[in-house]
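In case you want the letters, here they are:
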Amino acid sequence: MVAGDIVLTGLMAVLLVGVAALLTRVENWRSYTPLAGGGAVTGDEAAVINREKPAGIIRWLTTVDHKDIGLLYGVYAVIAFAVGGIMAMLIRLQLVTPAGAILGNNAYNSILTSHGITMLFLFGTPIIAAFANYFIPLLIGADDMAFPRINAIAFWLLPPAALLIWAGFFLAPVTENMIEPARTAWTMYTPLSVEQANPGVDLMLLGLHLSGVAATMGAINFIATIFTERNEEVNWANLDIFSWTILTQSALILFAFPLLGSAIVMLLLDRNLSTTFFAVEGGGPLLWQHLFWFFGHPEVYILVLPPMGLVSLILPKFSGRKLFGFKFVVYSTLAIGVLSFGVWAHHMFSTGMDPRLRASFMAVSLAIAIPSAVKTFNWITTMWNGRLRLTTPMLFCIGFVSNFIIGGVTGVFLASIPVDLILHDTYYVVGHFHYIVMGAIGFAAFAGIYYWFPIFTGRMYQRTLGKAHFWFSMVGTNITFFAMLALGYLGMPRRYATYEFDGAIAPLTQVSTFHQAATVGAVILFIGQLFFVWNIVQSWLEGPKVEDGDPWNLERDGMLDREFQWFDEQLEAEAPEKDPSLLADGGEEEQDDS
Amino acid sequence: MAEEPGLSDQYPTASPWPLFVALGLALSEIGVFVGLFPVAVFGLILFGGSIAGILTESGYVERPWPTLLGVGVVLIVLAAAFAVWQVPVADIALSNVGTGPLLTRLVAVAAAGTVMIAMGGVASIMEQTAA
Ligand code: HEM
Ligand SMILES: [Cu+2]
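Line by line, the protein sequences give chains X and B. For the first sequence, position 455 matches number 455 in the working numbering, and the numbering has no gaps at all. For the second sequence, position 2 matches number 1002 in the working numbering, and the numbering has no gaps at all.
Simulated from the structure, these hints should not be mistaken for laboratory data. The C-beta atom is built at its ideal place from N, Cα and C for all residues, glycine as well. Each statement offered as a hint is correct.
Chain X stretches covered by chain B per the calculated footprint, using a threshold of three residues with CB under 8 Å from any CB of chain B:
{"#": "1", "segment": "5-12"}
{"#": "2", "segment": "15-27"}
{"#": "3", "segment": "55-69"}
{"#": "4", "segment": "209-218"}
{"#": "5", "segment": "262-273"}
Produce the entire structure from the sequences given, and follow the hints as far as they go.
Take a look at the structure:
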């Protein structure tokens, strides 16, 4: 122990000295000139500066430019998606046979836990932040975010968060399983999560806490940006729909994440300093469930509202019509935002809570389906009689609507107490929320990536690969998660590494068949994602350069938004220096550079 | 700007501090909650130092040292308050550091605070006498 402490002290001292040395090298602390409000320098000072950013890796480590940070978030989220996706494949492979094909119980539970947390906190929230960072300032005509440095801090909290959340996997082999991956499931229910002595759980909780701090900082920044940084042409009446959903999402984050953070700290104190917040003799184990779901239900809307905004923004562009009932889409967003704080106990119907309370939570849960349906009808009506162009982003939008309908309708069934008492903790619930988290949120993210690919790469993706990606994803998602709905009806409980039950729980033959179907679907889905990665990487490196500031031909319908106008200006500013012959009066081509 | 400009003066959209604020916060949390004394101390110093740096760089304060000193004071006050509130008076003794889970953590926080006060104080004085 003492030797360990000395090593650790040495390590930390070296680190600190290194940081200090680095900082003195790159920064001259005496040269600081006060600038108002912490914003980026503009005006006369900018004039003497010839380049915006340093070169190479330093640029990415020190950037406070919202577009760079957006890209960092995007890359981070896609990597997390790959990690979470590989974990999902392991889960599906395990379940092809009733006895479990590849993993032991402990490994299965570790991977299940990490899969959920990775997808929700390291993929879902960051991929939304990626779009919001890159495009909100462009859409509202702002120079940057309101607090560019806080923006960067929020991003840089995420890599340590990921390392902590996955820490058990790295540390188990080197510590002889003293520190193992957490096996609490993403809901971390007490008393289980207090009793697991494994320090890996503490590390995972700390990682979650950091990711929550990051999300909260980001949310404050978006609220401040949307309120104060709009250019004078943008007012509340013509604010775009994506910004509205980000604004609402940020408000939800502001109320939900600090609560999760506090609950996590309480859990950590229970684990390490023998407090009794969630002990039977203290607050009781159910307290955790209330606190967790008071965060947890808004969290699902934190994850789904901005994707809804993306679809509301993109789908009209390829329907040749403005978004139908724009105002009502905004109102329904706000309504969902408010209602989402009044439904949390629908995750706890089977805990033996007061039946009168339970009924009121059921009522609000059913009510929240109304604004969700308003949106769905508005998307459908937008497409109705439209001039549809089935580009890849449009296909993903349509897939979103289709999957969201199934995900939403199954949710309404679960919100009904008698139905939930039967289906709770079965694969039906897993099917329900995966239709939304994969089928809707994932699809909207893909739609956004393809739609804006020309802007953030300056190149075009390969259309055929894009369509293959869509069809594999659509077919795979529906096979996998529809099979899960069926498994739930058959009575297959969730979170089991094996399913060799006796026939009274669930009919084994059918259960195996549907599990195998789900795995086949997952393989199809996985292949689709290989097309995606290949397409993005190759097109980014060598796709055809986009020369037109309006690659989607939106001008024709009067739907060219500010971000593509910005892109157009950007292209025009670059064009002459790259290729002199593009000058308006350039005349003949230069002979020597052909 | 008579002197060599630093990175964040040369480039309007760059700052070295956010990365270290984040790293500092992460290390502090690990150190304090997992109970790793050295990690807690160094993490907090890095965190406080980066806060002082980023506030100075963005012009909210003129010099970093008073901020560093201030963060140090806040940490010591916090640690002391927790100690008075949660640790039995009889147990507050140097010989008990390393045994009580809470006391050890509080001492780590206070140690970080002390270092920051010392660094901030010394640097302030040096700067004023040099100028
Ligand atoms: C149309 C409105 C919706 C209703 C009425 C609804 C209802 C429900 C209910 C009652 C449950 C609890 C089932 C149980 O554990 O027995 C549930 C679970 C869940 N829902 Fe929904 N839902 C809706 C939309 C959504 C959306 C939009 C998302 C995601 C963005 C989502 C994500 C989830 C998740 C993640 C769970 C499972 C949590 C867990 O136990 O691990 N739901 N839903
Ligand atoms: Cu819910």
